[in-house]
Each structure stands twice: as C-alpha cells, then as structure tokens.
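Protein chains: 2
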Amino acid sequence: MSNPTDGLAETIAELEAYLGTEGVLSRPQDMGRYRRDWSGDYEGTPAAVIRPRHVSEVSEAIKICNRREAEIVPQGGHTGLVGGATADRANQIVLSLEKMDRIRSLDPLGMSMVVEAGCVLQTAKDYAERSGCFFPLSLGAQGSCQIGGNISTNAGGVNVLRYGMMRSLVLGLEAVFPDGRIYSDLRALRKNNTGLDLKQLFIGTEGTLGIVTAATLKLYSKPRWVETAWVSADNIADIMQLFGYLRGEAGDFLSAFELMTPPCLDLALELDSGVSLVRNEVKHFAAHALVEFSSSGGPDLKPWITELIANAFEQGLAKAGIVAQSASHSKMFWRIRELMVEAQQKRGLHLRTDVSVPISSISPFIAKVTQAVEKTLPGSLVVAYGHVGDGNIHVNVLPPEDFNGFQGKLGALTATINEVVDGFDGSISAEHGIGITKREEFAKRIGETHLDMMKMIKRSIDPKNVLSPGRIFRIGPNSARGPQSVEMDPRPE
Amino acid sequence: MSNPTDGLAETIAELEAYLGTEGVLSRPQDMGRYRRDWSGDYEGTPAAVIRPRHVSEVSEAIKICNRREAEIVPQGGHTGLVGGATADRANQIVLSLEKMDRIRSLDPLGMSMVVEAGCVLQTAKDYAERSGCFFPLSLGAQGSCQIGGNISTNAGGVNVLRYGMMRSLVLGLEAVFPDGRIYSDLRALRKNNTGLDLKQLFIGTEGTLGIVTAATLKLYSKPRWVETAWVSADNIADIMQLFGYLRGEAGDFLSAFELMTPPCLDLALELDSGVSLVRNEVKHFAAHALVEFSSSGGPDLKPWITELIANAFEQGLAKAGIVAQSASHSKMFWRIRELMVEAQQKRGLHLRTDVSVPISSISPFIAKVTQAVEKTLPGSLVVAYGHVGDGNIHVNVLPPEDFNGFQGKLGALTATINEVVDGFDGSISAEHGIGITKREEFAKRIGETHLDMMKMIKRSIDPKNVLSPGRIFRIGPNSARGPQSVEMDPRPE
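Protein chains in written order, with the numbering used here: chain X, 1 to 493; chain Z, 1 to 493.
No lab work stands behind these hints: they were computed from the structure.
You may find that some hints are simply not true.
Partial chain X-side listing against chain Z, Cβ under 8 Å, derived [to be verified]:
| id | residue |
| --- | --- |
| 1 | N154 |
| 2 | I322 |
| 3 | I359 |
| 4 | S363 |
| 5 | A367 |
| 6 | N392 |
| 7 | F406 |
| 8 | L410 |
We put the beta carbon where it would ideally sit given N, CA and C, even for glycine.
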C-alpha cells in the first residue's frame with residue numbers, strides 16, 4: 001500500500017510538470033514533516049506533497065487531481081488534533097499551503113487585512129499590532145497554526161467570549177472548489193447581503209468543500225487596558241457564580257475566563273517550578289480561574305478592576321486570588337495555562353476531548369463526567385479545564401500510573417464522556433472539529449436530516465470525493481466513482 | 001390570472017383540511033394586510049394565506065404544497081424593502097409566521113433566548129431587557145419586523161459596528177426545508193464545530209432554501225453607560241477623520257456612528273418642528289454624525305466622553321456639536337434619524353438604495369455618487385446617510401419638484417448609483433437583501449462560479465422551486481418541472 005499505483009505516478013508526474021520539482025515533493029526523505037501532526041497521534045506518508053505558490057496554481061493542481069480522481073488532503077500548520085490534515089491512505093496527496101504565506105494588505109481605517117492561507121497566525125497578529133490594530137484569535141498553537149487551517153476548522157481559543165470564533169472574523173474569502181474553480185470575494189465589506197453567503201461553505205468544513213487560499217480578516221482596536229487576575233474558590237459551582245458576577249459587572253470587558261481544576265496546576269508545576277508561587281497561594285482550593293479584563297479605549301480600568309475583585313472577595317465568591325501587578329505577573333498566569341497543556345503532551349498517550357455544554361450546566365457537567373470517567377477506568381486522572389464563557393470544556397484523561405492498557409480504553413472513555421455531554425444537550429466537538437477521530441461518534445449523534453443535507457451538498461460540490469475524503473463523515477459510493485477502498489486508519493474513534 | 005387554477009384550489013382545500021379555516025385565509029376580503037409591504041411599492045394578492053401555529057404544521061403545509069408544486073412565499077412583518085415577501089404571482093401562497101410568536105425560553109447565565117420566527121423584534125428586545133439582558137439588533141422597523149424575517153434577510157441596523165449582523169447573533173435554529181423536513185438545533189452552544197454549519201443555509205437566503213420557525217439568539221450584557229453626541233463638520237472627509245479619531249480613542253465603546261447630510265435634517269424638520277433646536281445649532285455644516293458610546297460595565301463613561309469630544313473640537317475635527325445631557329436630549333437625536341426616513345416615505349415615490357463600500361472610501365464615494373445622480377436627473381435631491389462603521393450608505397433619491405416622470409427614471413438612477421458602487425469595490429445590497437427589486441442588478445454583478453454554486457444548492461434543496469421562487473435569482477427549468485410562467489412584476493429593476 002505504500003507504493004502509489006501507476007495512475008497515481010502519472011498524476012504526480014503531471015503535477016511536477018506543472019508545479020516544478022520545487023512545488024512537488026515525492027521522495028520519502030523530503031516528506032518527513034508532512035507525515036505527522038503536532039499531537040503525534042496521526043502519522044501517514046502521502047503519495048506526494050504539493051506546494052503551490054498562488055491561487056491559480058492551487059486551482060490547476062486541483063483540476064489535475066480531480067480529472068485523475070486523486071485524493072487531496074489540504075495541510076496547514078500541523079496543529080489540528082483530530083487527524084484531519086494528515087494522509088490516512090497511501091494514495092493521498094498532501095496540499096500544503098505553506099508557500100502562500102503573504103500578508104497582501106492592511107487597511108487601518110477600514111480595520112481589515114488580507115492574508116494568505118499559509119500565513120502563521122502569530123505572524124498575522126504581529127503584523128496587525130504593528131499597524132496599530134488587533135487580530136483577536138488567540139490559541140495555544142498560534143506560533144504554528146495557519147490562517148487557512150484556522151478558517152477551515154473555525155478555530156476558537158481563549159478570546160471567543162469577547163470576539164467570537166474565526167467564522168465571525170472572516171469578511172472575505174478566496175478559495176478553490178474541488179473542481180478547481182476559484183471563488184474570490186476579498187472585498188472588505190462589513191455588510192453585504194446577497195443571498196447565500198458562499199464563504200460559509202468553506203468555514204469549519206475541514207477542507208471537504210474547498211481549499212481556502214486567502215481571507216480578508218476583521219481587525220479590532222488594540223486593547224489599551226488589560227488586567228489579569230487569578231481567582232480561586234471552593235468548588236466549580238462557586239467559580240461559576242463568580243463568573244456570573246464578574247460578567248454582570250464588567251460586561252464586555254470580561255475577555256477571558258479560563259477555568260482550571262487542581263490537576264492543571266500540578267501538571268504545570270511538572271514543567272516549571274517557577275509557577276509554584278501561584279500554586280502555593282491557592283493550592284487548597286478546588287477551582288481556579290484565570291480572568292482577563294480588557295478594553296480598547298476609554299478610561300483606565302485598573303482602579304475599577306481592583307475594586308471589583310475586592311467586592312468579589314467580600315461577597316465570598318472568591319476565596320483566594322491575585323490581581324496581576326505587572327506584565328510579568330500576568331504572563332506567569334498565562335504560562336500556567338500553556339504549561340498544563342504541554343505537560344499533558346509530555347506525559348505521552350492520553351485522551352483529549354473538546355466538548356461544549358450550555359454555560360449554566362458547566363458545574364454539574366464536570367462533576368458528572370469526572371465520576372463517570374473514574375468509574376470507567378479507576379485510577380485515571382481527569383484534567384478538566386476550559387473557556388467558561390463559551391461553555392467549552394476540555395475533559396482530558398491521563399492513564400493510571402504504570403498502566404499499559406490505556407490505548408485499549410480510549411474508545412470506552414470517549415463513549416463515556418460523550419454520553420454525559422449528550423445528557424446536557426452539549427456538543428462533542430466544540431472547537432477542534434471532527435476530522436477522522438470523531439467521525440464515528442459524530443455519526444451517532446447527528447440527525448438524519450442534517451447528515452443527509454451535508455452529504456448532498458458534498459456530493460453536489462465534490463462528486464468524485466477527491467477533497468479531504470473521509471473527513472467529518474464517510475460518504476458512500478456515487479455514480480461518478482465506485483465504492484471507496486477500505487479505511488486504513490486503525491485508531492479507535 | 002387572478003383566479004387560481006383548479007390544482008391550486010385543491011391545494012388550498014387540502015391545506016384547509018389540515019390547518020382548519022383559522023389557519024387558511026382565502027377570501028379576498030381577509031387578505032388585505034398580507035397583500036402589500038410597508039413601502040407600498042409591492043402589492044400582490046396571493047392565492048391564499050396560511051398561518052401555521054407550530055413547526056410541525058409548517059412542515060406538513062410545506063409537504064402539501066411541495067407535492068402539489070404550489071409556490072410558497074414566507075412572510076414576516078412586511079418591512080422588507082425589496083419585494084421578497086409579497087406575492088408576485090397570483091398562484092402563490094403566502095405563509096405567515098405571525099401565529100408562531102412565542103418566546104420559548106431565556107437563560108440569563110447562558111445569555112441566550114429561544115424565540116419563534118413570528119415574534120416582533122421589539123417584543124424580543126423588551127423581554128431580554130426585563131431579564132437583565134440585551135438583544136442588540138436595532139433598526140427602524142423593530143416595532144413591526146419579525147425575528148424570522150430578520151434571520152432570513154440577515155438584518156443589520158445601527159448597532160452592527162459593535163455587535164455584528166443578525167448572522168452573528170444566531171446560536172441555534174429551527175427551520176423547515178422545502179421538502180418539509182425539519183432542521184432543529186436550538187442548543188445554546190457558543191462553540192459547536194461539526195462540519196458544515198447548516199444554519200448558514202437559512203440566514204440571509206430570503207426563504208429560498210427553507211423557512212425559519214425559531215432561533216436561539218445570543219444575548220449581551222445590558223448597556224450600563226450610554227452617551228450620545230451630535231457632531232458636525234465642514235465636509236464628509238472631516239467627519240470620517242473624526243470617526244477614525246473616536247474609534248481609535250474609544251475602541252469598542254463606539255457603538256453607533258450615523259452619518260447624515262443636510263437634506264436629512266431638512267426632511268426631519270418637515271415632520272417635527274421640535275428638532276429645529278438641533279438644526280439651528282448645526283445648519284451651516286455639510287456633514288453630521290449621531291455618535292453613540294456605550295459600555296455594559298466598568299466605570300462611568302460620562303466624564304471621559306465629555307473630555308474626548310472636547311479634544312475632538314480642539315483638534316478641529318468637529319466644528320459644532322452637542323453632547324446629550326439627558327435621556328430626552330439623546331432621544332431627540334435618534335428621533336431625527338427616524339423622522340428623516342419617515343419623511344422620505346411621506347414624500348411618495350422615491351428611490352431607496354442600500355449599498356456598502358470599504359469604510360475608507362465613504363467620503364469619495366458620496367461625492368462621486370451625488371455628482372453622478374445629479375447628472376442623470378438634474379434637479380433631483382440626493383439623500384445620503386448611513387452606518388459609517390459598517391461602510392453602509394443609503395443613497396436615496398427624491399424627484400425634482402413637480403416632476404411626473406420619476407417612475408421612468410428609477411432604472412437609470414439605480415444603474416448610475418450601482419456603477420459608482422462597483423468603482424469602489426462595494427456591494428449593491430448591504431443589508432436589505434436582493435428580493436425581486438435587485439435581482440437583475442445582482443445578476444449582472446455576481447461571478448459565474450458564485451451564481452452557479454447558489455443555483456446548484458437551490459436546485460439540490462428545492463428541486464421543484466416551490467419556496468420563494470424568483471427571489472434573489474431566477475432559476476431556469478429543471479427536470480422536475482417545466483419552464484416557469486412569465487414574471488408578472490412590471491416594476492423596473
């Protein structure tokens with residue numbers, strides 16, 4: 001299966017003739033970093049990697065692949081966590097957007113910028129900041145993930161509470177349909193009501209309906225006042241009350257409210273003893289929140305925030321806490337948030353989930369899901385944290401010490417967690433998408449009408465199923481093509 | 001053509017048998033208010049009006065119509081301005097959502113509410129406010145327009161600058177597809193990434209792909225501090241500089257910036273002499289803005305805003321102006337904004353447009369479009385005003401005095417204005433939609449790929465073209481149905 005078929009060799013030869021040898025990698029030794037994602041959970045050697053430099057090259061390359069019915073998997077910064085962007089069959093061609101990484105323009109009065117799909121998120125954010133503006137999408141992977149990936153997965157992150165998901169930050173889009181036709185509307189219009197908003201076909205659809213090549217992004221005023229605080233409470237119910245209080249008083253100033261449970265702090269400490277400063281202050285408490293207030297103008301927030309937090313203490317809503325007195329203080333708070341993710345990664349095989357529930361159900365949800373996981377696999381460690389304002393909780397599970405059978409438990413643990421999510425009317429995929437990992441669990445939950453519609457639109461737009469095949473859902477045979485080959489992905493879903 | 005065909009009579013009989021006589025109106029004397037929209041520009045007697053009370057009734061009624069290939073036109077609060085919601089052929093059945101007007105639930109911690117399509121916007125806003133929350137969609141027609149119409153036209157209004165269009169306020173949706181199947185996902189989830197976001201098929205598509213029956217709406221914290229100011233400058237370029245300055249300093253506090261030109265004030269005065277107070281202060285200036293700052297928490301804005309406006313004067317960015325000192329003062333400013341719209345209406349036949357251009361092009365755009373209109377029809381009065389932060393300008397045209405041939409000029413004037421819009425990379429339909437009015441002008445501008453995709457999706461979802469036929473675009477004959485009858489709408493497009 002690792003040798004491409006003859007037809008595939010011809011496709012690659014045709015792509016090489018068009019894109020040049022720089023634009024097509026097909027020797028195994030050149031493909032190393034295109035084979036796996038950041039999590040290490042997904043690995044697959046593609047038949048080739050193509051690296052177009054312009055939307056017209058993307059279009060032409062897709063036309064070649066479509067004509068020859070070669071499968072294409074678009075790839076961004078390798079930070080997806082659901083196996084969407086790595087080859088899962090040896091006949092797939094990876095389309096990397098890395099050579100399309102320019103920032104085409106920025107309009108400071110109009111507050112918008114045009115960025116190519118391969119541009120790293122951090123690069124785009126830095127560029128906006130140098131122009132006196134602010135691009136608000138913020139997430140752990142921002143130093144590696146790319147704008148195209150952010151759009152095709154509708155990325156979330158820590159500032160959704162204030163600015164919304166990636167979907168609400170896209171004003172215009174340039175993309176290529178599976179038949180190679182180009183959709184281009186990069187006009188920086190805040191209002192443009194002309195029927196079906198075609199952009200939406202590409203946002204969050206994980207490359208199944210087209211490949212994003214550039215976007216016009218909405219910019220904001222730069223935050224002028226940013227105040228950060230760490231607050232701890234006796235339990236999650238109290239922390240949620242605190243959230244309600246702070247949001248009521250601070251309104252839109254509340255730009256992040258990151259819930260953490262005690263294992264999160266322990267994990268962060270494994271990687272950096274410097275954070276023990278915070279930990280010693282708050283270690284007796286069962287629920288923590290990293291709270292950020294910000295405003296892009298108006299009067300200085302500091303005195304007001306200090307009073308607000310003091311009031312929260314007086315009312316008993318917070319039991320311990322620190323208002324950051326300096327930038328380095330605030331950096332340390334955020335560093336805990338990052339370290340705890342890295343530490344889980346360093347621990348090796350573990351279960352990551354990304355679910356959402358109505359905000360008012362967060363506290364009972366975490367209690368119930370923790371109990372259910374501990375029942376399914378006694379001795380396992382539940383690491384729960386998340387973006388409270390979005391109802392988005394990551395319920396991760398680390399294996400019991402010296403336990404070797406964890407791989408075999410992943411399926412049962414996922415099923416356990418998802419069942420609890422269902423009980424709270426939640427979603428099993430808040431911000432990471434479906435990819436391949438969650439396909440089966442997703443299929444169980446999506447309504448028949450919903451799935452039919454999605455498949456019908458997929459079939460209409462990509463009748464040969466060449467683009468991101470098998471992502472989100474498997475699609476049966478259709479008239480243009482025979483039944484698909486058997487999936488080779490052996491991982492539990 | 002005013003007599004329904006026999007097939008239609010049978011359809012209506014079947015609908016009556018299912019919905020009861022209360023649910024189906026078919027006598028001409030009962031159909032008065034369903035015949036025309038608020039503008040009076042569109043009038044058409046439908047074959048019948050159906051008024052379902054539940055999503056299951058909507059579903060069943062649509063199944064009946066679909067099976068019998070009867071055309072359905074969904075209707076909300078009659079405030080659309082592009083002829084989308086009135087019957088334009090005598091064989092069409094109007095589906096009014098007015099009996100589905102309940103507010104199903106509101107979650108103050110989760111900040112969301114579930115509202116039925118027929119609920120009047122103002123009613124939803126009031127309910128949210130009584131629960132300590134805020135639903136931000138605000139527009140002139142809010143006392144009549146309905147939530148379903150707001151969604152299917154992706155309504156905008158005066159607070160888009162801060163809160164976005166209706167699209168960004170919809171968390172969940174319940175809707176009925178043209179074949180009667182129900183799509184229902186009213187979960188109040190802030191994050192839910194599961195492939196194609198099916199909601200988007202119904203938002204802004206003017207009923208062509210389905211009928212919205214209920215929605216879960218995103219609520220915000222109630223504005224706590226609201227400050228309003230009227231500022232005037234020598235010309236529009238200066239007013240735009242002022243906009244840049246205020247947005248830079250106030251950031252997201254700037255919640256509205258409504259540009260008005262001198263004819264706007266004159267028109268308002270025609271209906272209410274009380275507003276002369278403002279007018280006398282500022283009448284020598286060529287550009288005005290109604291500016292609103294608001295925040296939903298944090299420190300009192302008043303002292304800071306007063307200083308900010310004083311600075312704008314010092315820098316020469318504003319030449320005259322008043323910071324509202326009381327609620328009644330601020331109401332008067334907004335009253336001018338409303339009166340000017342009503343006064344145009346009272347003047348009788350006039351041309352309304354609703355275009356958008358990049359924010360940085362607003363000043364040269366207004367200059368150029370005014371010149372072009374005056375050349376096309378000397379003596380006509382250009383009334384330009386709009387939502388600056390969204391680049392959304394209404395360029396309306398009133399006929400020269402005692403001029404009777406205005407109807408015959410509408411087409412040429414529209415073409416003139418739209419050409420100027422094209423030159424600035426703008427949109428000919430910012431917030432009102434396409435409907436029937438703008439269909440031809442839209443068809444000229446939309447790219448071939450874009451139109452093909454829209455038609456392909458329409459054909460896949462509504463192969464018999466029963467839902468809102470002819471809205472947004474005409475669609476040719478397809479296999480399931482013969483060529484459509486000739487359009488009867490005689491108005492210029």
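Hints, verified against the model:
1. For X:N154, the interface hint holds, the least distance from its beta-carbon to any beta-carbon of chain Z being 5 Å, beneath 8 Å.
2. Below 8 Å, beta-carbon pairs count as interface contacts, and X:I322 has none with chain Z, the closest being about 21 Å; its hint is therefore violated.
3. Evaluation of the X:I359 hint against chain Z yields a held restraint, the C-beta minimum of about 4 Å falling below 8 Å.
4. Restraint check, X:S363 versus chain Z: the minimum CB separation of about 11 Å is more than 8 Å; hint violated.
5. Taken as an interface hint, X:A367 does not check out: its beta carbon lies about 17 Å from the nearest beta carbon of chain Z, beyond 8 Å.
6. With a cut of 8 Å, the hint placing X:N392 at the interface with chain Z holds, because the nearest CB-to-CB distance is about 5 Å.
7. Look at X:F406: its Cβ only gets to about 26 Å from chain Z, farther than 8 Å, so that hint breaks.
8. The beta carbon of X:L410 is not positioned within 8 Å of any beta carbon in chain Z (closest approach about 20 Å), and the interface hint is therefore violated.
Taken one by one, the earlier hints fail for this structure at numbers 2, 4, 5, 7 and 8, listed in ascending order.
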